[in-house]
Structures are given as structure tokens and as C-alpha cells.
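Construct the complete structure from the given sequences, taking the supplied hints into account.
Read off the chains here:
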Amino acid sequence: MWDYTDKVMDHFTNPRNVGKIEDYDGIGEVGSLACGDALTLTFKLDKSGRIADAKFQTFGCASAIASSSVLTEIIKGMTLDEAEKVTNQQIADKLGGLPEQKMHCSVMGQEALEAAIAYYRNKGKTSAHKEGRVVCTCFGVTDVEIRRVILENDLTTVEQVTNFCKAGGGCGGCHGEIEHILQDVQGKKNNQQSPVPAARHKKLSNIQKIQLIQETIREQIRPVIRSHGGDLELVDVEGSKVIVALRGMCASCKMSEVTMKDLVQAKLREFVAEDLIVEEEKDTAQA
Amino acid sequence: MNSVVYMDNNATTRVDPEVLQEMMPYLSDYYGNPSSMHTFGGQVGSKIRKARQQVAALLGCEPDEIIFTSCGTESDNAAILGTLSIVPHKRTVITTRVEHPAVLSPCRNLEQHGYRIIELGVDKHGCLNLAELESAINDDTAIVSVMYANNETGVIFPIEKIASICKAKGVTFHTDAVQAVGKIPLNLKTSAIDMLSLSGHKLHAPKGIGVLYVRRGTRLSPYLLGGHQENNRRGGTENVPGIVALGKACEIALHHLDEENTRVKALRDKLESKILATCPDCMVNGDSENRLPNTLNISFEYIEGESILMMLDRFGICASSGSACTSGSLEPSHVLRAMGVPFTAAHGSIRFSLSRYNTEQEVDYVAEKLPPIINRLRELSPFVARK
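Protein chains in written order, with this note's numbering: chain A, 559 to 845; chain B, -18 to 368.
If you're looking for bench data, these hints aren't it; they were derived computationally from the structure.
Incorrect hints may have been included.
What the hints assert, rightly or not - Straight line, CA to CA, 16 Å or less: simulated EDC-like cross-link-like pairs of lysine to aspartate or glutamate:
hint	chain 1	residue 1	chain 2	residue 2
1	A	LYS578	B	GLU360
2	A	LYS565	A	ASP651
3	B	LYS246	B	GLU343
4	A	LYS613	B	GLU360
5	A	LYS761	A	ASP651
6	A	LYS825	A	GLU777
As the list claims (entries may be wrong) - If you want the footprint, here are the derived chain B segments under chain A, 3+ residues with CB under 8 Å:
hint	segment
7	136 to 149
8	217 to 229
9	293 to 305
Here the structure is a predicted model, which is why all the values come from computation and not from measurement.
A virtual CB, placed ideally from N, CA and C, is assigned to each residue, including glycine.
Below is the structure:
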């Protein structure tokens, strides 16, 4: 059971400012049903440019609803310049704190606010594409978003990054990349856990190569495929040719060719050797 | 009515007062070691023998086929690992994607050590494809482990058919029956099951006691080395009060089996039909024909499970959810995802699991309190307006 503060429970059971302002000046929509939480924030400005009214609609857990509710209270009466400076930490503090694993709820509030302000400033145009490159494909989190939560909340571990913005909370396939970003942002170049094996640049013996391929499949590739309801098996290695078979839901998936090239081959090239070619064996896949 | 309406019996159950009464003397007066030579300890030993008979009676097996363990997880781990060490040349384990973590976690750990783990999928009703299972078994298969009934959906697998397939192929078959024992009738005498796990606290005994049934002739490597207890297979002085309690709980469960499948089932069915009639956009998860009599897993679209649970909690109603938020992980239930339940519905899933202690009044109370909660949360949700 979560250790929610009385403030969280108060905002959850008696949420303030529920709904959607019909003639809004700004609107921010973040999250999705698939992600497990989503928030639509609308605001209306008065003549002096201050937020006269703000309303929210939230799909999510108690802390997501409470974070949204308290956010509307925080920003009422603020100018947009002031509102822009509201951080996720302020939202959490106003609630008397949130459990560590629920910090992403406060980040969602901050993101919706930002999106709503951007909507107003761009005169109603929502920017279609996200800034940056998607790192976590399960939750659609970009490197820009990850860098930002690390900087603003002084995060040091992958687990914390997951708690704050969900990145890495699905299949886990991007943990290595998040670690890289963490090292980059925190300036820690001396980390001992380099995800790229030292053996990579040496000439590998056949046995070493097969072992490394198996390890890469197990740790980097299989978790991603499993999260899509499938599985992958190593069938054979002939020189630089790696023969694999897709199982389960992936075997019959139309996207399997993309999976092979973009995921399996890319990861094996990254972690084992640049010249590897991946081929799919289909004959024995369906007995 | 009680201040707590407890409908989370697949998580754990209330200790039956008769069970408590039976075990109490073994926490106070009868503290002897059952292995001792003196009468004071010996009387405890004979009480354990009685408990073993009581458990065997519920399962329809012989008392010497019962190993007392500390929990269902220990039983599952022992069955799988203890079989693998008997057949070190076989490197494949077959299980399902919807198992309890007590089976899935050790299997995934084995995978790190070079074992091949085949996790069979299920269809949208949560059912297995037996032809797929049969064709997956080969000479390399060391053990097949398939749960009797699923803890989240209550879906019952055709365990006897699976056991027969395994027997015909000469492969050891284990079933995690933690959710099934005490809820549906079992008879291991006429069955081909080799090993079966059960847990005391799911059938009104206390926590900390479990059983691994091992059919005579089935080879299992000893896994807790120490004294001669449990026929040398699990050393360690017995959890006497727990064993006495479990024996009594099994004896009582045998008497209540009919009630589980009539009165408790009727309560569950009433709850289900009332919710379906009063809440729009909801659906039952899992095959409703082959389902435990006490379990109802139902998804409410557009809202999130933790919020529903927190609202129910304010009325003293205890249930659980397959939503991501309740577990602290970010992904919803692995069982519902394996069934292909859309994320939209998986996040809003609620499990009610009843027991013989539930009353009609309680079912009416839950059915009355739930619809306003669902409506309230949907008013807050951005998705209802959009659809």
C-alpha cells in the first residue's frame, strides 16, 4: 500500500477544478491510455495576462489525480512567465511529498502545463513532433526529456529516472542508454559498468563470439521481444552470419523484418561485431 | 456488517477460528520437538502425522506423499529445481506466460544459467493450446510446470489432460495449485500429476506453511540439507503450529467444498451480474466457463485500477488490481497482457475474490458502492469525453 500524505488523499477524494474550459486560451494534453496515466490541462487568461481559471481531466492513479488538482491551484493567478517556472518538485512539495515511484505523476503535471503554455504562445498550434530522439520505446520518452529530469531533480540512477519519467520501466531494453545519458549529464566518465564489452574491439574466437551473441540476445534483445509477446532463439552462427528464429507472437508479425534489422542486427552489431548479418530461419518456427 | 468487506481472498484468507483454536496449544503447552524420544515430544510427532493425513485426505493421496514447506513459493522452487538436479542432462523447462512469479522467476533465473525456457502463450480467454504444449515436449524436456488455476483471472487449466500428455511422454509434471486447493475438488489418486504445490494461507490456515505433494516414485532431489525431517528431503525442525493448523484447515476445506461451488459461486455470480448491469464499458477477463467459483476479474475502461481501489478502500472494501500503479511497476499485469487484454482495459482491472465468509449483504454493499465510484472517476477522465 502506498504511503500517501493527507494532502494527496484530500486532493484525490476532493479534486479541485475538474473539467475542461470550453473557450480555453491554452491546452496541454500529455500521456496516453497505454501508459497508464494521462492529463488534459486547460487555462483561461484574464485581461492582465494572468491565469484566471484552470481545469484538468486525469486518467490515472490517486497521485496523478492529486498532482493535477494541486497544479491547478498553484497556477491560478500566475502570469505565464511565472507559471513557466513551476517545477515538478513544487507540485510534489505542495502535496507534502510523493512516494519516489510516483514522482512521474508530478512530472506529468509540469509537462502538461508547459504544453498548454506553448499552445498559447504558438497561437493554437501544437508542435506535432517531440523534441529529441526516443530512447524508451515502451513509454515514448526522448533523450531531451530524460536529460531534463536528471538535471532538475539531480538523479543518479536508472531506477530514479524510471520513477521520474517512466523511461526504462517497460522492457528494460534502454537501461544501457539511460546509463549513458546519466554519465553524460552527471559528468561521470569513470563508471565501471560500461555496457559495451571490452572484448568488442579484439578479435574474437568463435566460441567467444557465440557466447557474446547469446549474452546480447539474452540481455539486450530478448526483453524487448518478450514485451511484445514473442521470443527469439539463436539457431546457428556461420562466420559473420547469425541465424535466429522468432517465436510466439513475433513469428507471425508483419513487422518481424523491421524487428530483425532495427533491433536484432543493430544490437548484435553494437555489442558483438560490426560485420554481423542476421538471417531469420523460418522452417522450424512452427512445428 | 463488519467494518471491513474482505474480497481479496486470492491474496490471503482469514484464519478459520477452529484452525486457530487447534494450533494454539502447539504455541504454548506442547512445545516438544516431534523428533524427540520422550513422550512429551512424541505426542507432537503423532499430531503431525494426523495433520499429514488430513492434508492427504483433501488431495486424495497418501500421507507419505506430503512434504511440509514454508510457503507456496518454496514448494514451486523445490519442485522445479529439485527435478532439474535429478536429470542434469535435460536442459528445457516448459511453463506458461501466466504463471505466478514463484514459478516464472526461478525459470528466468535458470535461463541465465543456460537453460531453455519455453513459456506457452494463452488465448484471449486465458486458455492454453494443448497441441502446442504437446509439440513443445521433447527429449530435452526436464519438467513441465503449469498452474492449476490462475490467481488473477481464476481461469482453470485442463490439468488432468496436461498431466496425461506429460505422462505419455515420460516427462515430470508439476502444478502450482495454490489457488485451486480448497476451492475445487482434487483427487490425486486418479490423476497423473507428479507434483503439486499448495499454500496454507490461501485456505484459511495461517501464513508460513505450505505443501509440496510428490507422487510415490517421482524423483526429487533433497533441497534443504539437514536433519531427517520430511523423509530426508527437507531438513529443519517442523513448523508444528503451522502444520497442525494446515491439517485442520484441510479437514474443514473438505467439508466446505460443496459450499464453495454453490453458495460462494452464487455470490460471485450475483456480484458479476450486478456490476455488468450497472456499470457501462466494463468486461469480465478470463474464460467464465472454466473459472474458480470465487474469482471475478473485471475491467473498467477509461479509468485506472489504483484509483478504484483507493475509493473502495474508503468504504472498507478490499480488492486488488492488475493495474501498473498498484504494483509500483509501470506495466500492467503480465497475465492480462499475455491474454491480449488491451492496455486500456488492463490498467482498469479489478479482482474480487470471495470466500465462505462473505455474505449476500456484503455483495449488495459492494454492488451499491461501486457504480458511483466508477462514474466519479470517469468524470475526471479525459478519455470519456473524447470517445
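Here's how the hints hold up against the structure:
1. A distance of roughly 11 Å separates the Cα atoms of LYS578 (chain A) and GLU360 (chain B); the hinted pair therefore holds under the 16 Å criterion.
2. For the hint linking LYS565 (chain A) to ASP651 (chain A), the alpha-carbon distance of about 10 Å falls within 16 Å, and the restraint holds.
3. With a CA separation close to 14 Å, the supplied pair LYS246 (chain B) and GLU343 (chain B) stays within the 16 Å bound.
4. Of the pairs offered as hints, the one joining LYS613 (chain A) and GLU360 (chain B) holds, with about 13 Å between alpha carbons and a cut-off of 16 Å not exceeded.
5. Taken as a hint, the LYS761 (chain A) and ASP651 (chain A) pair is broken in the structure, with Cα atoms around 54 Å apart against an allowance of 16 Å.
6. Distance hint between LYS825 (chain A) and GLU777 (chain A) is fulfilled; the C-alpha atoms sit about 10 Å from each other, no more than 16 Å.
7. Given a C-beta distance limit of less than 8 Å, the hint that chain A covers the segment 136 to 149 of chain B is violated, as 0 residues qualify and 3 are needed.
8. For the segment 217 to 229 of chain B, the stated coverage by chain A is violated: 0 residues have a C-beta nearer than 8 Å to a C-beta of that chain, whereas at least 3 were required.
9. Requiring three or more residues with a Cβ within less than 8 Å of a Cβ of chain A, the coverage given for the segment 293 to 305 of chain B holds, as 3 such residues are present.
The earlier numbered hints that this structure contradicts are 5, 7 and 8.
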